[in-house]
Amino acid sequence: QITYREWHPVGVEEYGYAAPDPLDPDIVYGGKVTKYDRRTGQIENVSPKPLRGADVRVLRTAPVIFSPADPHTMFFAANTLWRTRDGGRNWQQISPDLSRNTWDLPASVGKYSESETAKATQRGVIYALSPSPLDANRIWAGTDDGLIHLTIDGGKHWNDVTPPQLKPWMKVSILDAGHFDAKTAYAAINTIRLDDMNPHIYRTHDAGKTWTEIVAGIPGGAAVDAVREDPKRKGLLFAGTEQQVYVSFDDGDHWQSLRLNMPVSSVRDLIIKDDDLIAATHGRGFWILDNITPLRQLDTNVARSEGFLFKPQTALRIRWNMNPDTPVPPDEPAGQNPPEGAMLDYYVGDTASGPVTIEVLDSVGKVARRYSSTDPVEPIDPMLDVPKYWARPPKGLAATPGMHRWLWDLRLPPVPNARETLPMQAVLHDTPPAKNSPWVMPGSYTVKLTVNGKTYTQELVVKMDPRVHTPLNALTQQYNSSLQVYTDILKANVALDEIALRRKSGKAGSDESQLNEIAGSPGGRFGGRGGAPGPETLNSVKAQLQQLLNLLQEADTAPTTQMSAAVADRRQALGKLLKRWSDLQTH
1 QITYREWHPV GVEEYGYAAP DPLDPDIVYG GKVTKYDRRT GQIENVSPKP
51 LRGADVRVLR TAPVIFSPAD PHTMFFAANT LWRTRDGGRN WQQISPDLSR
101 NTWDLPASVG KYSESETAKA TQRGVIYALS PSPLDANRIW AGTDDGLIHL
151 TIDGGKHWND VTPPQLKPWM KVSILDAGHF DAKTAYAAIN TIRLDDMNPH
201 IYRTHDAGKT WTEIVAGIPG GAAVDAVRED PKRKGLLFAG TEQQVYVSFD
251 DGDHWQSLRL NMPVSSVRDL IIKDDDLIAA THGRGFWILD NITPLRQLDT
301 NVARSEGFLF KPQTALRIRW NMNPDTPVPP DEPAGQNPPE GAMLDYYVGD
351 TASGPVTIEV LDSVGKVARR YSSTDPVEPI DPMLDVPKYW ARPPKGLAAT
401 PGMHRWLWDL RLPPVPNARE TLPMQAVLHD TPPAKNSPWV MPGSYTVKLT
451 VNGKTYTQEL VVKMDPRVHT PLNALTQQYN SSLQVYTDIL KANVALDEIA
501 LRRKSGKAGS DESQLNEIAG SPGGRFGGRG GAPGPETLNS VKAQLQQLLN
551 LLQEADTAPT TQMSAAVADR RQALGKLLKR WSDLQTH
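Counting in my numbering, the sequence shown runs from 1 upward without gaps.
The set of hints was computed from the structure by calculation and includes no laboratory data.
Lysine-lysine pairs mimicking DSSO-like chemistry, simulated, CA-CA at most 27 Å apart:
hint: 1; residue 1: Lys-311; residue 2: Lys-273
hint: 2; residue 1: Lys-491; residue 2: Lys-507
hint: 3; residue 1: Lys-183; residue 2: Lys-156
hint: 4; residue 1: Lys-311; residue 2: Lys-463
hint: 5; residue 1: Lys-463; residue 2: Lys-273
Across the chosen pairs, the derived CB separations fall in these ranges:
hint: 6; residue 1: Asn-473; residue 2: Lys-448; range: 27 to 37 Å
hint: 7; residue 1: Val-461; residue 2: Pro-231; range: 16 to 26 Å
hint: 8; residue 1: Asp-86; residue 2: Val-461; range: 38 to 48 Å
hint: 9; residue 1: Pro-22; residue 2: Arg-52; range: 24 to 34 Å
hint: 10; residue 1: Asp-497; residue 2: Arg-319; range: 28 to 38 Å
hint: 11; residue 1: Asp-465; residue 2: Trp-7; range: 16 to 26 Å
hint: 12; residue 1: Val-461; residue 2: Pro-22; range: 22 to 32 Å
hint: 13; residue 1: Asp-86; residue 2: Asp-299; range: 38 to 48 Å
hint: 14; residue 1: Glu-536; residue 2: Val-377; range: 32 to 42 Å
hint: 15; residue 1: Pro-231; residue 2: Glu-6; range: 22 to 32 Å
hint: 16; residue 1: Asp-299; residue 2: Gln-42; range: 45 to 55 Å
Quick reminder that beta carbons are idealized off the backbone N, C-alpha and C, glycines included.
Using the sequences provided together with the hints, build the complete structure.
Have a look at this one:
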């Protein structure tokens, strides 16, 4: 979970922009303008106008934005635009006042039209700012009184490129400069101050000479607050309205809902971070749609196919929350982490029938994991030693028509017949069983999807947690040692199954005492704790090996000398017991 432990203040006003320095993540700038240094905890005012005069107007949500084309350059927008290249030590004003000189009061002002505060006067500010990611000198600026300006020379000259449909009191809520064409931009226009709750989004491909309104598919009454272009797929757009999120696959010509499980919320901004779409709501909430790579690949050919396997995003070996504390109380607010493991997205067409299977193969073609829609869905273990409501509900691989997501936990198949336990760091209704099999090695894997008898393949790349810098040879040592122990546990399981079958068949006879010495007494299926005293049996040694496997997999490091010694000792003990069983079968 994402709890209070992951959050810390950065010295920014609660409603202001937060702009982390792209060259120093310990520095965060905020509205009007503050500079926070995480190393010292100090907050410095670096505003271009420490004492604002009548010529400076600043909104409480004044933009503070770094140039995506030049990480040394930061902008601050008031009614004029300011630029700094040294973290606010020095500023340069690079625009005149970009707001309207004056305007007539709209009818929506109503009874307040005679009040002092409603008098027509220059009061606008730059509300939306979008430096181009393709050209450091190209900057789009939109005001809260309905104007859009563009400079292509770093602020030396500004052109009014306002769409003719924009009127005073229309607010340019968000501007987004094109990621594939410097002359492209998108503008979200909020018109609720004119009692107009209809959506308004505009698009230009010629540097503002002409604009096209693009709202087909967004219903009336859904005023728009945000629009963003995906930086990786041209023509993929996202919009935030007063109710939900919308998506367009054709550059805004057509829109459809992307609300999914999100409640009705006023979506005031959107951002695409790597492969995730983040929505900020007016209810002070953040919602994240993890892994939008399927949206980047989706087209009409996919929708018409019998099946399709989307190319997976790179999977990271990120460990489950390692905090050993007891769970956070269920009534304490907490955010969700992204799904752990590799997200395998696939599509099943309307005409498909029969089982669906997914196989993951390593670099030499060996199956690391296999799933089928015909696999039985095991219920939550009734012997679980904590209330079942903590456990994640089990699910099976879907074979129904539509898009589906399956998670591979980046591990080899779990040890069968193992007692199910939950880790201490549990999450209400979302705690997976404790893992009892090894992580796979980082590298390249092949994912095979079979639908309706046809197979689709994609490459999957598995990488280490970027915070982990363990050498590859150390990871290999860990994997090899873990694999040996894992294989021995499976061998012990086979022997125990054979012994149980022999007992059940009534053929143990005079061998019963030897079977007890080898396997342990009947009913001890899961074995005791790894360190428990007593005679060495298949059950007890298997339990010790499982404990060693869990310890080997606790961290991404090579085994210690003492760990390797313990592994060798327990493997030797298991070998002796397996030989006794083999000899008993032979003789």
